[in-house]
Amino acid sequence: MTTLDSDLLVDAVHVWRGERHVLKGVGFTVSGGELLHVRGANGTGKTTLLRVVCGLLRPEQGNVAWRGQSIASVRAEYQLALAYASHEPALKSELTALENLRFSVGLKRRVTDAELRGHLERTGVGACAGLPARVLSAGQRRRVAMARVLAVQATLWLLDEPFTNLDAAGSRLVSELLVEHVGAGGLAVVVAHQDLDLERRVRCLDLAA
Amino acid sequence: MSVGVLAAMRLILRRELTLSFRRPDQLLQPLVFFLIVTTLFPLSLSPELTLLREMAPGVLWVAALLAALLSMDGLFRGDADDGTLEQLALSGQALSAIVIAKTIAHWLVTGAALVIMSPLVATALGMPVAAFAPMMLSLALGTLTLSWLGAIGAGLTVGLRRGNVLLSLIVLPLAMPLLIFGANATDRAIAGSSPAGALYFLAALCVLTSTLAPLAATAALRISLE
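Note that the protein sequences, when read in sequence, are chains L and Z.
Residue numbering for the first sequence follows the working numbering, beginning at 1 and increasing consecutively.
Residue numbering for the second sequence follows the working numbering, beginning at 210 and increasing consecutively.
Next comes chain L alone, as it looks inside the complex (with noise of 0.2 Å):
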């Protein structure tokens, strides 16, 4: 079962939601430095692929398994390890773009506000890190969901449709987070139905209906 030269480890899951079959025993391995593209038509199971992956759903049956062990078994280690951004930005619109990170990268590590501010700027909303969430676009809110990602300074990233409502600027500084993320030996599955154009290799995973 435990494979060492990879970190991440998807093992034959199945995952039936009320009569639907929705995953008929995926696996997969990702290790330091790669980044796998799950591809599938809509209602193929990726989002529910992504939300087993990082624990938040059960496989009926089959394991993951991270760096050799059952996430369950180390759920704290795991959860501070990776970093998700659903297909909601998960941002509170009473809240202001800073706080929100504030409020949920501080649960992960102990941030200052001048890091939060510098990882804005890096998405490209840094001149938003005041208003409320609630004003802004859906293309700058996806941004700020961006901005936690890096903000949390996790190993895996699991994201799920990461281009949605980006312009072509915004697509690009995505697809450049990733290759720098990779480069530097992190991990990340990301869903998404377009084609990555990244400047590196990248595994895909076709999930059918």
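The hints are simulated quantities; they were obtained by calculation from the structure and are not laboratory data.
Honestly, I wouldn't trust all of these hints.
A partial selection of chain L residues facing chain Z, derived with a Cβ cut-off under 8 Å [unchecked claim]:
{"no.": "1", "residue": "16"}
{"no.": "2", "residue": "20"}
{"no.": "3", "residue": "24"}
{"no.": "4", "residue": "57"}
{"no.": "5", "residue": "76"}
{"no.": "6", "residue": "79"}
{"no.": "7", "residue": "80"}
{"no.": "8", "residue": "84"}
{"no.": "9", "residue": "86"}
{"no.": "10", "residue": "94"}
{"no.": "11", "residue": "95"}
{"no.": "12", "residue": "98"}
{"no.": "13", "residue": "103"}
{"no.": "14", "residue": "107"}
{"no.": "15", "residue": "108"}
Here a beta-carbon is modelled for each residue, glycine too, at the ideal position from N, C-alpha and C.
Following the hints, position chain Z against chain L.
Same frame as chain L, but now just chain Z:
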């Protein structure tokens, strides 16, 4: 550097309080409801002082129960709707610590606010000033217990589209002992006898729920998150 449990709970408490004060309508809703319901009784029955005094404990407690119930549905729903609940669940902190911090914050803005406002209502219902302290103590213990019960119910129903009716059905039967002992403590305080017995029972219920409800609410929430 990782963040300790207490620091995380403080952070969540701050987050919840900030959010509450940014949404004053939701903050005031249960309080205004409490005020209106209690003033409806003298208007609809009779403003006679002896009658008012007699009903005061019941009116006060039923109104407090319903007001608290009104706010419970929002405990996890807002976070579940915008996806922040998933982020909290993946924060590397124990989900139970998050539930405890959120419930305490919920009690501070609903229960504690209700307790602070209760003397106003009590005066309107003709309650003697000597009964205020035991009445407020009983309400404080009762509303805290209610918040814990509400956390279980909210955890169970957060995944449902129209969860608040079901939430009331889950929480109200569990809240019956509170109503009985709470109203009894207030009643005794008005009559001038010692409310200690009923208050002890309320305190026992409060301790019981404070220790067990976080476990139940966490388990419920984990199921709902799937």
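Tested hints:
1. 16: 12 Å, violated
2. 20: The hint is violated - residue 20 of chain L has no Cβ within 8 Å of chain Z, the shortest such distance being about 15 Å.
3. 24: Where the cut-off is 8 Å and the nearest Cβ of chain Z is about 18 Å from residue 24 of chain L, the hint is violated.
4. 57: For residue 57 of chain L, the interface hint holds, since the closest Cβ of chain Z sits about 5 Å away, which is under 8 Å.
5. 76: Residue 76 of chain L check passes; min Cβ-Cβ to chain Z is 5 Å, inside 8 Å.
6. 79: Since the shortest Cβ distance to chain Z is 4 Å, the answer is holds.
7. 80: Holds. Min distance 4 Å.
8. 84: Hint holds; residue 84 of chain L Cβ to chain Z Cβ min 5 Å, cut 8 Å.
9. 86: 5 Å, holds
10. 94: It holds, given that the least Cβ distance between residue 94 of chain L and chain Z is near 4 Å, below 8 Å.
11. 95: The hint holds - residue 95 of chain L has a Cβ within 8 Å of chain Z, the shortest such distance being about 7 Å.
12. 98: 12 Å, violated
13. 103: Holds, about 4 Å.
14. 107: Cβ of residue 107 of chain L sits 4 Å from chain Z, so the hint holds.
15. 108: 5 Å, holds
Of the numbered hints given earlier, the model fails hints 1, 2, 3, 12; all others are met.
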